[in-house]
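Colleague: Each chain, letter by letter, is given below.
There are 2 protein chains.
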Amino acid sequence: MFNSLEASPALLKLAVATFLAAALLGGPAALAAPFDEGMWTFDNPPLERLERDHGFIAGQDWFDHVRQSSVRFNDGGSGSFISPEGLVLTNHHVGFGAIQKLSSEGKDYVKNGYYAATKDAELKCQDMELNVLVSIEDVTKTIAGAVASHAPPKEANDQRKAAIARLEKEETEKTGLRCNVITLYQGGEYALYRFKKYTDVRLVFAPEEQIAFFGGDPDNFNFPRHDLDMAIFRVYEDGKPASTPHYLRWSVEGPKVNDLVFVSGHPGSTERLKTIAQLEYQRDVAYPFQLKSFERRLGVLKAFSAKSEESARRAKSQLRSIENTVKARRGEFQGLSDERLMERKADEEKKLRDYVGAHPDLSKEAGGAWDDVARARVKAKSIFVRSSFSTFRGSRLLAIAGSIVRLTAELEKKNEDRLEEYGDAKLDSLKLSLFSPAPIYGDLEETTLTDAFAEALEALGAGDPYVKATLDGKTPAAAAKAAVAGTKLFDAKARKELVDGGRKAVEASDDPMILLARRIDPISRELRKTTEDEIESVETVAGDRIAKARFQAYGRTVYPDATFTLRLAYGTVKGYTTAAGYEVPPFTTFHGLFERSGAFGNSGPFAIPARWTERKQAIRHETPFNFACTCDIIGGNSGSPAVNAKGELVGLIFDGNIESLVARFIYDDVVGRAVCVDSAAMLEAMRGIYQAEALVQEILGAADPR
Amino acid sequence: MFNSLEASPALLKLAVATFLAAALLGGPAALAAPFDEGMWTFDNPPLERLERDHGFIAGQDWFDHVRQSSVRFNDGGSGSFISPEGLVLTNHHVGFGAIQKLSSEGKDYVKNGYYAATKDAELKCQDMELNVLVSIEDVTKTIAGAVASHAPPKEANDQRKAAIARLEKEETEKTGLRCNVITLYQGGEYALYRFKKYTDVRLVFAPEEQIAFFGGDPDNFNFPRHDLDMAIFRVYEDGKPASTPHYLRWSVEGPKVNDLVFVSGHPGSTERLKTIAQLEYQRDVAYPFQLKSFERRLGVLKAFSAKSEESARRAKSQLRSIENTVKARRGEFQGLSDERLMERKADEEKKLRDYVGAHPDLSKEAGGAWDDVARARVKAKSIFVRSSFSTFRGSRLLAIAGSIVRLTAELEKKNEDRLEEYGDAKLDSLKLSLFSPAPIYGDLEETTLTDAFAEALEALGAGDPYVKATLDGKTPAAAAKAAVAGTKLFDAKARKELVDGGRKAVEASDDPMILLARRIDPISRELRKTTEDEIESVETVAGDRIAKARFQAYGRTVYPDATFTLRLAYGTVKGYTTAAGYEVPPFTTFHGLFERSGAFGNSGPFAIPARWTERKQAIRHETPFNFACTCDIIGGNSGSPAVNAKGELVGLIFDGNIESLVARFIYDDVVGRAVCVDSAAMLEAMRGIYQAEALVQEILGAADPR
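Those protein sequence lines, which keep their order, are chains V and D. Everything in the first sequence is counted per the working numbering, starting at 37 for the first residue and increasing by one. Everything in the second sequence is counted per the working numbering, starting at 37 for the first residue and increasing by one.
Extracted from the complex, chain V is given alone in its bound form (with noise of 0.2 Å):
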């Protein structure tokens, strides 16, 4: 609604005043100066900018041809084309469940691999969906004026809603693609996105888990790095190989330094918006007393798993995935206590702040939006410990419990008053979890839950109510082993007929676990109502004023936040020198997979598969393996492909390094990278590693599809 002219002669005032204000204040310009930063859109690629930094023009068919050799894969990763016969190429840990699904007892293809040497051999997966974006459209007018003008918040919302879904709707029946409405800008513009769409996949080729995920959690989110994290599926139409005449011609050498590379992929979600006050509360009040919290679970975690075998066992995959989330997190906060990058935020600030406050209209709509923010950030800090310590935490069956009795409540109520995750659409999912025979050990229910008590008490004190809720006049100890031995949740089947039976069961249960969770639920519920009203609802209404003043500002010269649909990202392949002043290459190679293995031993993470050890002298160890470059991305960018400037599939995506996690706040290349395994890599293991000379072949000997 904002870029269209005929909207209000008031915007029209202002797209010229944009322009101005560019030249006077260094508005876009000064935005897009010095990075290779953005997630841009298939319809607004930075032109400009990519023949001023590098020199770099190609037509429309250059975007085109990119856009439609781009996969996503629907359960959040990437892919590309890479035959005119449907080959897709993608991270191992990407096609990960798929594989493990297609696994049984005596073939373990993730820990083993797998190759199909014929066709008839490839595995045809069981759920999978792949999207290809065909074309996108500009709708915003359409959306825009199914609004009526001067519509109360609600009202328009529930219009524009309205006007999405059917125009989703005689789209899909009209072409038979995909279509979705994708809000950009966040309501700056919309467009309407047609994809077409694969789900007879079939798995061709995978390397060892070991191999494609070398490191570990060690390496995990580091560089140097030396993973072959690559699968590759094939789609079939009609029981027949897909007919793909876009895909990616693979480059026999790779990239070389400083070249040139472009990401075309599905960056999930981004913050970048957020205000300098939103951003000081997070690095201040949120990510330390989070760490704080994760680290000290981590070590009751620890201490558990160092009892016994089968406590280790127990504890392994809450531990690995708290190990994961820590590192994610540590990265984030390093990169918001960078002084540097915090003032570059806020020199962006400013900028759009001077622009809002230069322009009477922008000034009435969103002046004082900032301020908002501030405030509610100051309230949402005056509750903070609290809020952190007002749920159903620190063990699973506390958390089924309070399920149970959210669940039993809402349910009397009619859909659209529930609380948001206990609508009927959400209710299959949530059943198939809450009755999940997974096996849950009291042991360590009772330790963890022990500690989340414990904790409560530190921060809040003994008077607290939700301390006096779970502690109900016990020790932290007492009290967790109370609930625990006494609860029959361990049961599906008691959870069951709990849940059946409806608030009047839950009301008469006398399960202590059941009791506690109803004690912590009304101090939970009031602490909830509280964020929403006081907090997330402001914070929400002035975000979408900061927006819409930042695109009336900037326009498309910028780049909107990622919305896990397909972006094109640049940058180049490049080195990096650490805080401790330790220069990162921009390469691995094989040498390095042996110097890292051979280090620790061959062990744990760093053992390689028998495989690589045996055939180790049929592959050149001097070909680049991974390496690192500049280009803008974050999660979902997972598998996508790194395309040289000739449209050439140069590498893969699989990951970017701890200094990069900032990414969902701010973009940065002085040290975060993006890291790719080396499409000459991918070809030396195929052929000298697993002897996959027939899926070379085919990959090698298409011609090239322009």
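Hints should not be assumed to be uniformly reliable.
The list treats identical chains as one, so a pair stands whether inside a single copy or across any two.
[Unchecked claim] Below, in silico cross-link-like pairs of lysine-lysine (DSS-like), each with a Cα-Cα straight-line distance of 30 Å or less: (1) K190 - K610; (2) K652 - K610; (3) K363 - K381; (4) K292 - K352; (5) K504 - K363; (6) K190 - K276; (7) K343 - K610; (8) K381 - K328; (9) K682 - K137.
The hints are simulated quantities; they were obtained by calculation from the structure and are not laboratory data.
Take the given structure of chain V and dock chain D to it, following the hints.
Modeller: Here is chain D on its own, set in the frame of chain V:
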């Protein structure tokens, strides 16, 4: 004096009280507890800790043998005997000066390496002195007894100095050995060290500098590392290889991860008794300013270098030296900024102050010392910025002019009244440097001087006396240009004439650089006097009081600050996790050398010598190359042997990682690591790459020395 029970009845009480305090306050044990910390004297190895923490038990002969196998390179390094016929192993960078002096046109042993396949081919070094510590004798009583009780400080100092000189002379005459009285524990203990001297030292083996210093400045102070930083010399007596019955057996395998290793070498100096007030001053005042200033200078030199190849050549040595300094300082600063380490320091200080507070005699002696230091630091802070700009800084010519102005003035005084650096004993080397014909480049001088003037102007403002003195009414650029353009001091002869002409000639000179130095001189002298009288002298006295209190409290359960005399450190072979969460392995291998070289295109500091490329297949790439260990080392330890529990040589210390640089102030075993060449790697390279079979046979063929 303080470990002598006869000295004073009060001290006897203290000695007993110490024991009680240790038990009550957790004194000594608490200081020593969880770390493999310490640079121990050989007459006081930490036997209990070695047994308790590592199950290591050895008789005095073990320590005597390691001591007598250890060698000091008198120009600042360490080494060890590795054969009964006088072979000495040290670092390439310790032997560098000697190797360079042996090189000539067409015989560049630094670049190409050297190997003497027979003894005849061994090359005699021009000026090298090696020392071996033959015996240690506690002479505290003798030295203390020579000082009259109740003598005022200066008198006591003179008496002590005289006693030391007397004893050293006597012992030298009596034994024919080099005899030095070493002041330990800041005067808590005096020990007579007798050294055997070797002055006929010959070069046997040196690899190419390129592989000894692989990775150059970027890898300096870092780990993982891939350096063959070794050189082998042989000591001769009476023209024949010296008989060295004490030498270290070479371990063919090298160490394994977690192995206990000892480092026997000569740490130069540490400042571990600095108070929190002094460390905070360093962290908050001195380092931030100095790092910023160094980085500014780096920027100026880089801009200068970018102008042409010749400019780059002119600035190179200055640039390298500042780069190295910045890296080292930044490491120390990072360590001081680590709250965990500062908390440990604060904790140690609190324990000692509590202990002193609980003992009236000690309280009287040392109670106020910490506050005296803190007050002196407040004073230091108040004049810090002015002090930073008070010298003849910014250019070589100005430094020369300053020296000439001061030297000619000081020479008119009696020796004992002069500024320390113009004492008779120092005049020769001062003149050597002052009259050096090494070229000085006017353009570089003008550039750096301009920046130094500008930096002072920015920091102090135009009204400051130093700024007025330097600018003399001009802009920084004009002032620098005038001084450089008009001076004759480029010419060593002109300098000599001024010095020969004495104060009169200097005062009559109209050389603009001399005039500039004369304007600066009085301002500089005044600030220096304030610093010496109100800060340094206060801190010296307070520091001695604290050191004595510490020695009384802990005695020899702690180790003395480093003094470039033989010390024993110990620790384990161990990797670590960086701040960014990267797992650094304990070892590297030859694989990694080729990885890192290849990743940087085998160029610049990452290029490997041609011989290594040619003979790549002749070495087993999985051989451990460098390793990291937790031993407590610092500059001066370069070339020290790393020795296993059996007394075998398993490695060769050549560096510490950047995280270890804080060792100047405090030992850290969490991320701080000493870095060694693995004995297995040296063997593999000597055989496979250098085909030095005779040398290897001598090293391996020797019978066990014990």
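Colleague: Against this structure, judge whether each hint is valid.
Modeller: Status of the hints after comparison with the structure:
no.: 1; hint: K190 - K610; in the structure: neither (48 Å within a copy, 62 Å between copies)
no.: 2; hint: K652 - K610; in the structure: both (28 Å within a copy, 28 Å between copies)
no.: 3; hint: K363 - K381; in the structure: both (23 Å within a copy, 28 Å between copies)
no.: 4; hint: K292 - K352; in the structure: between (40 Å within a copy, 29 Å between copies)
no.: 5; hint: K504 - K363; in the structure: neither (33 Å within a copy, 54 Å between copies)
no.: 6; hint: K190 - K276; in the structure: neither (49 Å within a copy, 99 Å between copies)
no.: 7; hint: K343 - K610; in the structure: between (45 Å within a copy, 25 Å between copies)
no.: 8; hint: K381 - K328; in the structure: both (26 Å within a copy, 23 Å between copies)
no.: 9; hint: K682 - K137; in the structure: neither (37 Å within a copy, 54 Å between copies)
Checked against the numbered hints listed earlier, the structure breaks hints 1, 5, 6 and 9; every other hint is satisfied.
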